[in-house]
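Model the full assembly from the supplied sequences, consistent with the hints where possible.
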Amino acid sequence: GSVKRKIERIGGKVSLRESNSKVGPCISDNGNFILDVDFGALENPGELEARLNRIAGVVDNGIFPAEIIDRVIVGGKSAKILKK
Numbered sequence: 519g520s521v522k523r524k525i526e527r528i529g530g531k532v533s534l535r536e537s538n539s540k541v542g543p544c545i546s547d548n549g550n551f552i553l554d555v556d557f558g559a560l561e562n563p564g565e566l567e568a569r570l571n572r573i574a575g576v577v578d579n580g581i582f583p584a585e586i587i588d589r590v591i592v593g594g595k596s597a598k599i600l601k602k
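Each residue of the sequence shown is one higher than the last, beginning at 519 in this note's numbering.
No lab work stands behind these hints, which were simulated from the structure alone. These numbers were taken from a predicted model, which means no experiment stands behind them. All C-beta atoms, glycine included, are put in the ideal place defined by N, C-alpha and C. Possibly wrong hints are sitting among the right ones.
[As the list claims (entries may be wrong)] Computed Cβ-Cβ distance ranges for the label pairs, DEER-style: (1) S520 x K601: 35 to 41 angstroms; (2) A597 x D554: 21 to 27 angstroms; (3) E565 x S539: 19 to 25 angstroms; (4) G564 x K540: 31 to 37 angstroms; (5) I545 x L600: 30 to 36 angstroms.
Right, here's the structure in full:
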């Protein structure tokens, strides 16, 4: 099955990211389509990250489980660094 269907089977609401600078979807530098997925509130981000990474065709994801980070930088007019 497709990557989209496999992600939907584990609870994600998938949409193909549309480009703001051209007509059509966003495509990575390596030629891959970029999907935005909403899983709602994550109770176990580490487990979800591992499940996503096991799906053939998923190149990467933007989930950063607490176990692998020690600070978050929040950008904007006044950047903030949040530490564990």
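Quick rundown of the hints versus the structure:
1. S520 x K601: 35 to 41 angstroms: Since S520 and K601 have Cβ atoms about 40 angstroms apart, the given range 35 to 41 angstroms holds.
2. A597 x D554: 21 to 27 angstroms: Because 25 angstroms falls inside the window, the suggested range holds.
3. E565 x S539: 19 to 25 angstroms: Given a distance of about 35 angstroms, which is not inside 19 to 25 angstroms, the answer is violated.
4. G564 x K540: 31 to 37 angstroms: holds, 36 angstroms
5. I545 x L600: 30 to 36 angstroms: holds, 33 angstroms
Violated hint: 3 only; the structure is consistent with all others.
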